[in-house]
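**Student:** Residues per chain are reported as follows:
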Amino acid sequence: MLTDTILFYIFALLVLGGAVLTITRHSAMHAAISLIVSLLGVAGLYLMQQAEFLFAVQIILYVGGIMLLFLFVIMLVNLDQAAKQRQFNKQWLVALVAVSAVGAQVAYFIRAGRDSFHFAAPLVAGTPAGLGNTEQIADALFGEYLLPFEIASVLLLVAVVGSVVMAKKRI
Amino acid sequence: MHPITTVHYLALSAALLLIGTVGVLTRRNIVIILMSIELILNAVNINLIAFSHALQNVNGQVFAIFVIVDAVAEAAVGLGILIALFRNKETVQADEIDLLKW
Chain A
58 MLTDTILFYI FALLVLGGAV LTITRHSAMH AAISLIVSLL GVAGLYLMQQ
108 AEFLFAVQII LYVGGIMLLF LFVIMLVNLD QAAKQRQFNK QWLVALVAVS
158 AVGAQVAYFI RAGRDSFHFA APLVAGTPAG LGNTEQIADA LFGEYLLPFE
208 IASVLLLVAV VGSVVMAKKR I
Chain B
15 MHPITTVHYL ALSAALLLIG TVGVLTRRNI VIILMSIELI LNAVNINLIA
65 FSHALQNVNG QVFAIFVIVD AVAEAAVGLG ILIALFRNKE TVQADEIDLL
115 KW
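Residue numbers (my numbering), protein chains in the order written: chain A, 58 to 228; chain B, 15 to 116.
FYI, nobody ran anything at the bench for these hints, they're computed from the structure.
Certain hints may be false.
Taking lysine to any residue and the SDA-like style, the derived pairs with C-alpha atoms no more than 25 Å apart in a straight line are [as the list claims (entries may be wrong)]:
hint, chain 1, residue 1, chain 2, residue 2
1, B, Lys103, A, Leu128
2, A, Lys226, B, Leu32
3, A, Lys147, B, His16
4, A, Lys147, B, Phe100
5, A, Lys141, B, Ile111
6, B, Lys103, A, Phe65
7, B, Lys103, A, Asn135
8, A, Lys225, B, Ile97
9, A, Lys141, B, Val38
10, A, Lys147, B, Val86
11, B, Lys103, A, Thr60
12, A, Lys147, B, Thr105
13, A, Lys141, B, Val86
14, B, Lys103, A, Phe129
15, A, Lys225, B, Leu32
Note that this is a predicted model, so its numbers are computed, not measured.
The shape of chain B in the complex, shown without the other chains:
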């Protein structure tokens, strides 16, 4: 067995990012789209922590904290918008919310 290096963490992070992107692009349920965004942000955090550990530099962890703060703000506002949408449109499917005409 090979020892675990930074490359392993990068590959895991890339895989998680791609899974999250598939979720955002293909799901119809808005709640699950928001969850996929959380997956993407976690992939970013794994990357930051891997480099923080490899370079023995704590700045990556500080950036990870800022990413988590952004995730919290995004989840709070997103779920607030979702509740307002559900009250007005009675649906949580992303492709049924087509208020903008083109």
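This is chain A alone, in the form it adopts within the complex:
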């Protein structure tokens, strides 16, 4: 139990520290590397909650796929000029005030509803014992969620075609 607590705080520190560095660094490359730290912390949190499949997906897809895409674009687009200019826009004060208002509301609701989050007995409904995490996800994904799964594949196809059309000079 103590190990869990310590690990949670280590991963939370990685997540939040990486996130703060991501939005404050001048250089986009430094921001991308901080974002990788943050995403790895999120992957650790998945592992702590017995979501092993999502842990693997997070590392392979986010760190290996999306961040690679970001790094490619940062190197393709010349950002040296942008790093020397002003980093924050003129509305940053208004934005901070608005975000703190939302944050105060969220903090109030989490605090007020704290007691309702203690789930007395874990509901082990419907899942046969002995099935691994990946098998359970596969059962749900290819059974109950088959139509959304197929729609997601169409969405990815549209995204691939769309990004090629956007990035190409002439079709």
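Since the structure of chain A is provided, determine the placement of chain B on it from the hints.
**Tutor:** Using the frame of chain A, we list chain B on its own:
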């Protein structure tokens, strides 16, 4: 030390969401705005996984997979648009891209 409960994960997720929102609202560099959107989507995923674990129900993890699929599609299209914009306007600052007049 208190044991870690769902509330801890909710608080962490809310904090990450707010940091991402600050990034989207205040930064000028479009690449970093896109990265902040990834932070927001990760906050959503932490929330889904926390409830999935607390209720011992795998549906939350399936939804997290769909959120990741959306994040991939959004990043691909967003970065494609960014490359097209940079080719035409030679800038990546969000407030210098003011093609629409009002």
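**Student:** A separate judgement is required for each hint: does it hold in the structure or not?
**Tutor:** Okay, the hints, checked on the actual structure:
1. B:Lys103 x A:Leu128: Distance of about 21 Å is within 25 Å: holds.
2. A:Lys226 x B:Leu32: 37 Å, violated
3. A:Lys147 x B:His16: Not OK: Lys147 of chain A and His16 of chain B at ~42 Å, beyond 25 Å, violated.
4. A:Lys147 x B:Phe100: 22 Å, holds
5. A:Lys141 x B:Ile111: The given pair, whose Cα atoms are some 18 Å apart, holds under the 25 Å limit.
6. B:Lys103 x A:Phe65: 45 Å, violated
7. B:Lys103 x A:Asn135: 12 Å, holds
8. A:Lys225 x B:Ile97: Holds, at roughly 9 Å.
9. A:Lys141 x B:Val38: 19 Å, holds
10. A:Lys147 x B:Val86: With a Cα-Cα distance of about 30 Å, the restraint between Lys147 of chain A and Val86 of chain B is violated, given a limit of 25 Å.
11. B:Lys103 x A:Thr60: 52 Å, violated
12. A:Lys147 x B:Thr105: Holds, at about 17 Å.
13. A:Lys141 x B:Val86: 29 Å, violated
14. B:Lys103 x A:Phe129: 19 Å, holds
15. A:Lys225 x B:Leu32: Since the Cα atoms of Lys225 of chain A and Leu32 of chain B sit roughly 35 Å apart, the hinted pair is violated (cutoff 25 Å).
Consistency with the previously given hints fails for numbers 2, 3, 6, 10, 11, 13 and 15, ordered from lowest to highest.
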